[in-house]
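Novice: Work out the full structure, taking the sequences as your base and the hints as a guide.
Here the protein sequences line up with chains D and L, keeping their order.
Numbered per the numbering used here, the first sequence spans residues 1 to 324.
Numbered per the numbering used here, the second sequence spans residues 325 to 609.
Note that these hints are calculated values from the structure, not bench results.
Keep in mind that the hints are not guaranteed to be accurate.
What follows is a list of derived Cβ distance ranges for each label pair [said to hold, decoys possible]:
1) D/PHE292 with L/MET517: 57 to 63 Å
2) D/ALA55 with L/VAL554: 30 to 36 Å
3) D/PRO57 with L/LEU417: 49 to 55 Å
4) L/GLU575 with D/GLU273: 50 to 56 Å
5) L/VAL516 with D/GLY64: 25 to 31 Å
6) L/ASP383 with D/LYS193: 32 to 38 Å
Sample of chain D residues lacking proximity to chain L, with all beta carbon distances greater than 10 Å (derived) [said to hold, decoys possible]:
7) ALA54
8) GLY76
9) ALA78
10) ARG140
11) LYS193
12) ALA199
13) PHE223
14) ILE264
15) GLU273
16) HIS317
17) THR320
Backbone N, C-alpha and C define an ideal beta-carbon position, used for all residues, glycine too.
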Amino acid sequence: MSNMHLVNLNGKLESESIRKGFGRGLKKAGELDANVVAACADLTDSTQMSLFKAAFPERFIEVGVAEQNLVTVGAGLAAVGKIPFVSSYAAFSPGRNWEQIRTTICLNDRPVKIVGSHAGLSVGPDGATHQMLEDIALMRVLPNMVVIVPCDAVEAEKATLAMAKDARPNYLRLAREATPIITTDKTPFEIGKAYVLEAGADVTLIATGTMTYQALKAAELLFKDGIEAEVVHVPTIKPLDAETILKSVRKTGAVVTVEEGQIIGGLGGAIAELLAEQLPTPMQRVGMQDHFGESGAPDELLTHFGLDAKHIRLAAHHVTDRKK
Amino acid sequence: MPQKLPIKRLETIANDIREDIITMLEHAGSGHSAGPLGLADIFTALYFDVLKHDPKNPDWEERDILLLSNGHCVPVRYATMAHAGYFPKKELLTLRKLGSRLQGHPERLKLPGMETTSGPLGCGLSQACGMALGLRMDNKMRRQVYVVMGDGELDEGNVWEAAMLASKYQLNNITAIIDRNNIQIDGPTESVMPLGDLKAKWQAFGWHVLEVDGNDMEAIIDACTMAKAVTEKPVMIIAYTIPGKGVDFMENDFHWHGAPPNHEQAVKALHELRTLGGKIRGEHE
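Specialist: Laid out in structure tokens, this is it:
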């Protein structure tokens, strides 16, 4: 493999749930700034807010199973100078409380940090009700909202610390399953930046969240096929780093987007909008194709719904063929 | 903090505010009439007696916070703020016009002194909870959080989520006021969605409840004073108001919930307000 400078895929990768990085980041953010507070809707351990709660019990608020209240209490906390992180499962927040987020956080411009855990297909056996696939689309369409989807626990920790210093409303998407750790403490992270993790000239794989690992694996498979894939990791879906993405696509002339969510309105939608207006390019979107998931093991589901490295490889072949 | 004004003077201000509400709504050609007229006494009491605030410094760090949860009643807040000196009264005529700071539903970012953006119902009390929690964490208990809510708004589940939270955390720095005027868009509240015994409901949720005639200036002020003396619980003031108060043909008629007066109706309403229902000769007559 060539030009691998930002991530480390060599040897056996350690895995950790992305949400654990959030838990560590939140506790650190709390140590750095006394105004950081947290609220949760009866999922304190699951969303990994328990570390913060143990360290700062007086700055933690348990709202019960009440997601509408969760985000509006957050808006109130932000109004008096707090930096509130509010967490639940993504299916419920922002799944249930979108209007409250729109009015009291976005239109009202309060820097509430909404953390949606257990997002995506990989929540697995819980089934379609809990497999939140529409959250990126829901949050991306809101003015003032920043949408962040880290690829591993190390990046999630950095993202959390960056969010605590960001003056805008933020949405952080987290997954439950252990995800291979592909970045290190030295890998850069800045809100609003995309990163070329693997350089290549033939096709650009644009991925976010847990799927960035799958895209890197697909790049390895493609290399054996004689196709050099460039892998662009997009941890911030809004605002989108158009410059980095366009630069890569200008070079490769073919694009596959990869995400663990609906392609409509998600990362795939965002890239399609960008390219249709600025650089029309053969493109295919890997992700959920406008349907719901179902119960199953996470790996099984990724394969069943066409979200694994093999499917990304296939999509990459299709788009490179269209270039010819 | 201005000097305390006599009740009679406050009542005159409330009447002037009602006149401005009529003029604004007629000029705007859309908006809500009944609620704002019914709330004029409560808003006068808040801005001219109860609240710690400074119209010349809307972001004053020691101020009390007033949230208007039922944002559609914002004409009464705009008119009261103008009377209190937040902005010139002539700006009231820009209500609902393109480029105005006085949006159809209130927007914090447009108008200094407007503490939140509201309109979609049921979100005020929970924001008040967040503010009250944050202020308590910072030991700023001398700042009180007031929230005015509609009764129709109580249909929203979010309200009861907030009711439980305020009770759990004993947020005694919240004083909530329900505008109990018994109407909402589709008709009387008790036929649209019966609210039943509101006092018992809020008590069951762990609140200290006061009931008051919401068109009685002295009673409103007294209730707000009593509310601050309750230290164990958040306080709910159920204020019974007459929707459309002061304008005979609007009073208690739910059709005026979401409608403005036309020119003829406005002339009639203003005449009634200026003569206090025919009791005195109007100075403009």
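Novice: Would D/ARG140 pass as off the interface with chain L, using Cβ distances and a cut of 10 Å?
Specialist: 21 Å, holds
Novice: Does the beta carbon distance between D/PHE292 and L/MET517 stay inside 57 to 63 Å, or does it fall outside?
Specialist: This hint is violated: roughly 32 Å between Cβ atoms.
Novice: Evaluate the condition: distance from the CB of D/ALA199 to the nearest CB of chain L exceeds 10 Å.
Specialist: It holds; D/ALA199 is separated from chain L by about 43 Å at its closest Cβ, greater than 10 Å.
Novice: Beyond 10 Å from chain L, beta-carbon-wise, is D/ALA54?
Specialist: Answer for D/ALA54: holds, closest chain L Cβ roughly 17 Å.
Novice: Is it true that D/ALA55 and L/VAL554 lie within 30 to 36 Å of each other by Cβ?
Specialist: 33 Å, holds
Novice: Would you say the C-beta atoms of D/PRO57 and L/LEU417 sit inside 49 to 55 Å of each other?
Specialist: Holds - the Cβ-Cβ distance for D/PRO57 and L/LEU417, about 52 Å, lies within 49 to 55 Å.
Novice: Range hint 50 to 56 Å: satisfied by the CB atoms of L/GLU575 and D/GLU273?
Specialist: 53 Å, holds
Novice: Any Cβ of chain L at or closer than 10 Å to D/GLY76, or is the non-interface label fine?
Specialist: Its Cβ does come within 10 Å of chain L, the nearest being 2 Å, so this is violated.
Novice: Classify the label on D/HIS317 as holds or violated, using whether its beta-carbon is more than 10 Å from each beta-carbon of chain L.
Specialist: Since the minimum Cβ distance to chain L is about 48 Å, D/HIS317 lies beyond 10 Å and the statement holds.
Novice: May I ask you to test the hint 32 to 38 Å on the CB atoms belonging to L/ASP383 and D/LYS193?
Specialist: Holds: the Cβ-Cβ distance is about 34 Å, inside 32 to 38 Å.
Novice: If I take the minimum Cβ distance from D/ILE264 to any residue of chain L, is it greater than 10 Å?
Specialist: 25 Å, holds
Novice: Using the Cβ atoms, figure out if L/VAL516 sits within 25 to 31 Å of D/GLY64.
Specialist: Holds, at about 28 Å.
The structure shown violates the earlier hints numbered 1, 8, 9.
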